[in-house]
Amino acid sequence: MSGVARRWLALLLSAVLVYLLLILPNHPGAMRWRALAVVPLELPVLLLGMLALGARARPLAFAATAALTLMTVLKLADFSAYAAFGRSFDPLADMHLLPAASHLLRGSAGLAGTLAVGAALVLLLGGAMVLLYRALRCWARSGSRLPRGARVLAGGTALVFAGLCAAEIRTALDGWQGWRPPGSAFTARLGAEHIRDFARSRVALADFERAAAADPWGSRDGLLSELDGREVVIVFVESYGRAGFDNPLYAPQHLATLAEGEAALSEAGLAARSGWLTSPVQGGQSWLAHATLAAGVEVSDQRRYRALLASKRQTLFTLAAGAGYRTMAVAPAIVMAWPEGPAIGFQEIRAAADLGYAGLPFNWVTMPDQYTLAAFDREVLARQMQDGAGPDGEGPDGAPLMAEIALISSHAPWTPVPRMVPWDAVGDGSIFDAEATSGPSPKEVWADPDRIRDHYGRSLDYALRTVLSWAALPRGEPPLIIILGDHQPAEFVAQAGGRDVPVHLIGPPQVLRLFDGWDWTEGLRPAGALRAWPMRDFRDRFLAATSSANTDLRADGS
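Just so you know, the numbering used here puts 729 at position 206 of the sequence shown, and the rest follows in order with no gaps.
Bear in mind the hints are in silico, worked out from the structure with no lab data behind them.
Glycine included, each C-beta is placed from N, C-alpha and C at the ideal position.
Just to be clear, a hint being listed does not mean it is correct.
[Stated by the list, open to error] Pairs of lysine to any residue, SDA-like flavour, derived with a Cα cap of 25 Å:
| id | residue 1 | residue 2 |
| --- | --- | --- |
| 1 | K598 | V562 |
| 2 | K966 | M554 |
| 3 | K966 | L644 |
| 4 | K598 | V858 |
| 5 | K598 | G1021 |
| 6 | K966 | V858 |
| 7 | K598 | T694 |
[To be verified] Pairwise CB distance ranges (calculated):
| id | residue 1 | residue 2 | range |
| --- | --- | --- | --- |
| 8 | V944 | G745 | 38 to 46 Å |
| 9 | P771 | R1054 | 35 to 43 Å |
| 10 | P884 | I718 | 38 to 46 Å |
| 11 | F721 | A957 | 46 to 54 Å |
| 12 | M554 | I718 | 21 to 29 Å |
| 13 | R693 | P771 | 18 to 26 Å |
| 14 | V640 | T960 | 22 to 30 Å |
| 15 | E902 | V944 | 13 to 21 Å |
| 16 | A560 | A642 | 29 to 37 Å |
| 17 | E732 | L654 | 40 to 48 Å |
| 18 | G672 | R555 | 36 to 44 Å |
| 19 | D900 | A642 | 42 to 50 Å |
| 20 | W531 | P771 | 50 to 58 Å |
Please take these sequences and the hints and turn them into a complete structure.
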């Protein structure tokens, strides 16, 4: 091959590399062949700019390489966040997720697999950065061979395309309805959008902190008095969303399970009412949904979560403690210290190590839901009935309990799927060992999207059968039980239902009459047309329905 042919081939390959990085999607839904038809307006800016500058292009090549590599990382982060949570990546709020993602990956692929993935990412990005710089320098060297007139023409054309990029970005950011330029400055626009969103997040955070400081229930008397000291247990079912009702992949089995649960509750003398809540998140970050429900404010990202913990906003649990309740979190997913718990209002925290589970884990899931609920009954409610004392023997005798239980059997990777055993056979959990080591591995399940959805549906059905069976168990004084989903699963699993999650109130009929003003559906199957409340509204509506001091907030929460 002649020297001229080699130079033309090098220019072509360099242009292809820059082109592929510029059109790289940041969303799973855009990963289609038609993405190759995108005309990136930044491409002539970079390549013709290198030609125009020639030997003086080194600083611009460095800057462009750094910027485009950074945008590539951001696109990959966006891609992962959209796949998992249905939203873009927030550099400030989401950095804490990296250790959690590493922990989950290690549980699924092992230490060697995790290290291999990390090394591959570093090598790929490092290699892409080196190749990108060399590609730009290739065009710059070619420019140094051109006559001055040709370089001036290249520079003028690059400036024209830079103007088109600016017009396209303005169209996206400002909603400008004027002339739309041909092609797409997707990468540059994405960077501008993230800068804009960062600035907006700072403003929103300041607004949230001011709103969190103003609590309409902070100085009220008679809180929860209409419950007459009845226990309250809030049970979050992981990834329980409206898809279980709207998606035909899950609905038949799901609705049949709810019908069986209704019959069991009725036989136990209990009633149920159901509605919809709109979660602030999807696909993960359950603690943001938990915080939103407890605090009565939208906690949609980690910045807002941190602001809530630093604010004086009182949660449902701090208010309950002030009204004479013991408060507790039962969290089998927590395997490390959880300093945020007391700030949310929990006087006692039962993490994984505190529940006495002697069985094997179900991959990432530390213990099956049936064991968590059995341990709660055995170690918490039984002790409550025996001595009526608070933690460490303190507190008034007979103090009622308000507890939050976060179930996790329906958490990804959804394998193996547990099976229920008789409640009196749960014991220390070792009865589940055979199931914990059975079934396909996460790697096998997650190699096929259809298999992922199948395992999700089976795991959710197990979780619902378990919690409804538990709710119908005979008790001397049945608690008021609130069962709800924390969020929908990831979009490719849910495929329907948006961010809505079901919520069920279960208790004696006379207790559920407190919620007549809510107009929720009788039973466990909320009407599809029933209006969903934002999850943040639940706290105030619940307090209004169960408190005597509700002159400003009626029982319907309006």
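Run the structure past the numbered hints and jot down the numbers of the failing ones, going up.
4, 9 and 13
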